[in-house]
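So the sequence lines, in the order shown, correspond to chains V and C.
So the first sequence is numbered by the numbering used here: it starts at 263 and just counts up by one.
So the second sequence is numbered by the numbering used here: it starts at 263 and just counts up by one.
No wet-lab data here; the hints were simulated from the structure.
Just to be clear, a hint being listed does not mean it is correct.
Below, a list of computed lysine to any residue pairs in the SDA-like style, where the Cα atoms sit at most 25 Å apart [what the hints assert, rightly or not]:
{"no.": "1", "chain 1": "C", "residue 1": "K292", "chain 2": "V", "residue 2": "W341"}
{"no.": "2", "chain 1": "V", "residue 1": "K292", "chain 2": "V", "residue 2": "S405"}
{"no.": "3", "chain 1": "C", "residue 1": "K292", "chain 2": "V", "residue 2": "R409"}
{"no.": "4", "chain 1": "C", "residue 1": "K406", "chain 2": "V", "residue 2": "D399"}
{"no.": "5", "chain 1": "C", "residue 1": "K408", "chain 2": "C", "residue 2": "S339"}
{"no.": "6", "chain 1": "V", "residue 1": "K292", "chain 2": "V", "residue 2": "R409"}
Chain V regions said to be covered by chain C (calculated; three or more residues, Cβ under 8 Å) [unchecked claim]:
{"no.": "7", "segment": "287-297"}
{"no.": "8", "segment": "302-308"}
{"no.": "9", "segment": "329-342"}
{"no.": "10", "segment": "346-355"}
{"no.": "11", "segment": "367-380"}
{"no.": "12", "segment": "393-406"}
Pairwise CB distance ranges (calculated) [as the list claims (entries may be wrong)]:
{"no.": "13", "chain 1": "C", "residue 1": "A294", "chain 2": "V", "residue 2": "P278", "range": "42 to 48 Å"}
{"no.": "14", "chain 1": "C", "residue 1": "E407", "chain 2": "V", "residue 2": "P274", "range": "32 to 38 Å"}
{"no.": "15", "chain 1": "V", "residue 1": "R359", "chain 2": "C", "residue 2": "R359", "range": "43 to 49 Å"}
{"no.": "16", "chain 1": "V", "residue 1": "A289", "chain 2": "C", "residue 2": "G312", "range": "34 to 40 Å"}
{"no.": "17", "chain 1": "C", "residue 1": "Y290", "chain 2": "V", "residue 2": "H273", "range": "41 to 47 Å"}
{"no.": "18", "chain 1": "V", "residue 1": "F309", "chain 2": "C", "residue 2": "R270", "range": "37 to 43 Å"}
{"no.": "19", "chain 1": "V", "residue 1": "K292", "chain 2": "C", "residue 2": "N391", "range": "22 to 28 Å"}
{"no.": "20", "chain 1": "V", "residue 1": "A268", "chain 2": "C", "residue 2": "R359", "range": "51 to 57 Å"}
{"no.": "21", "chain 1": "V", "residue 1": "G310", "chain 2": "C", "residue 2": "H273", "range": "29 to 35 Å"}
{"no.": "22", "chain 1": "C", "residue 1": "P278", "chain 2": "V", "residue 2": "F309", "range": "38 to 44 Å"}
{"no.": "23", "chain 1": "V", "residue 1": "A285", "chain 2": "C", "residue 2": "A357", "range": "45 to 51 Å"}
{"no.": "24", "chain 1": "V", "residue 1": "G299", "chain 2": "C", "residue 2": "G360", "range": "42 to 48 Å"}
Virtual Cβ for every residue (Gly too), placed ideally from N, Cα, C.
Number of protein chains: 2
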Amino acid sequence: MNEDAAVRHAHPEDLPRVVELVAEHAAYEKAAPPAPGLGDRLAGLLFGPGRPRLRCLVAVLPDGTLAGYATCAPELSTWDGVEYLHMDCLYLTEASRGHGLGALLMAAVRAEAHALGLTEIQWQTPVWNEGAIRFYDRLGATSKEKRRYTLPTAHPDGAPSLH
Amino acid sequence: MNEDAAVRHAHPEDLPRVVELVAEHAAYEKAAPPAPGLGDRLAGLLFGPGRPRLRCLVAVLPDGTLAGYATCAPELSTWDGVEYLHMDCLYLTEASRGHGLGALLMAAVRAEAHALGLTEIQWQTPVWNEGAIRFYDRLGATSKEKRRYTLPTAHPDGAPSLH
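Same shape as in the complex, but just chain V (with noise of 0.2 Å):
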């Protein structure tokens, strides 16, 4: 698969089926399914005016269908000063797994941070996921264990401002 298989960045009517995969990830990792019109508003993301900071790249079988995809977008270090590669997703479908398609995309991940000139990548998967986790390995990408939190903004006691 892995001869016949390409990596490229995905066109706008790759939409549709890039939702399905987001869908298919966000379900592999036990998260809520995705707000209806995530389409759209990916669109904006991506495809939108100015500069779009997310880019999506998609593992493409020799049939044309999508079998899986990647996402980044530069993030922000404080402890460096500098802006690194944040690799938001990386997902295959069952079926396209252990074919050397996760290798594709990762190397387009890099070849990415590299054309942005910058110099780390950085990731997390759940600490369940072993396979993922085995595979990072494999690549000589160094791990910690986090806590990783969510909380709405909004505040019940209002939120102060500041000058």
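Position chain C relative to chain V; hints supplied.
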């Protein structure tokens, strides 16, 4: 301490002290110390031209000492198709913990998210940081355990070019 301490946005003249706090924070998390020149790099990220994405909030004691800081920036969620506010750092010197300054900094980060029109804040802490975990859990934040990866961009096999 809480009644007399204040949280405000960092000014350029705060940077030498912010860099000290960043170094303390990195040491506390058993990470490598900041590379030389961090003050200059942060000046560019925080006070450079355009609309800088990174924001730095500082906790100021009555005597004018900076006892802690938080940094945050809008980042991109593929699954949601929107930006959220990523809190990159929240740190208080050991002597200034337990007096409500952490809550003041978090309230300021929430205000920042609100001002930017972002509905969610995300951040992470090491799994061994029990004090921080108790503090964040009390706020009502939800969390998941993640393995956070870092990889240099450079690829020994060379990176493919994409079309």
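Tested hints:
1. C:K292 with V:W341: Cα-Cα ~13 Å, so holds.
2. V:K292 with V:S405: holds (22 Å)
3. C:K292 with V:R409: holds (16 Å)
4. C:K406 with V:D399: holds (20 Å)
5. C:K408 with C:S339: holds (16 Å)
6. V:K292 with V:R409: holds (17 Å)
7. 287-297: This one holds; 5 residues, not fewer than the three required, reach chain C with a Cβ under 8 Å.
8. 302-308: With 5 residues closer than 8 Å to chain C, the segment 302-308 of chain V meets the three-residue bar; holds.
9. 329-342: holds (count 8)
10. 346-355: holds (count 4)
11. 367-380: Per the Cβ count (8), the hint holds.
12. 393-406: holds (count 8)
13. C:A294 with V:P278: 42 to 48 Å: holds (44 Å)
14. C:E407 with V:P274: 32 to 38 Å: Hint holds: Cβ distance 36 Å, inside 32 to 38 Å.
15. V:R359 with C:R359: 43 to 49 Å: Because 45 Å falls inside the window, the suggested range holds.
16. V:A289 with C:G312: 34 to 40 Å: holds (39 Å)
17. C:Y290 with V:H273: 41 to 47 Å: 45 Å Cβ-Cβ, so the 41 to 47 Å window holds.
18. V:F309 with C:R270: 37 to 43 Å: holds (38 Å)
19. V:K292 with C:N391: 22 to 28 Å: holds (25 Å)
20. V:A268 with C:R359: 51 to 57 Å: holds (53 Å)
21. V:G310 with C:H273: 29 to 35 Å: holds (33 Å)
22. C:P278 with V:F309: 38 to 44 Å: Holds, at about 42 Å.
23. V:A285 with C:A357: 45 to 51 Å: Holds, at about 49 Å.
24. V:G299 with C:G360: 42 to 48 Å: At roughly 44 Å between Cβ atoms, G360 (chain C) and G299 (chain V) fall inside 42 to 48 Å, so the hint holds.
The earlier numbered hints are all upheld by this structure, with none contradicted.
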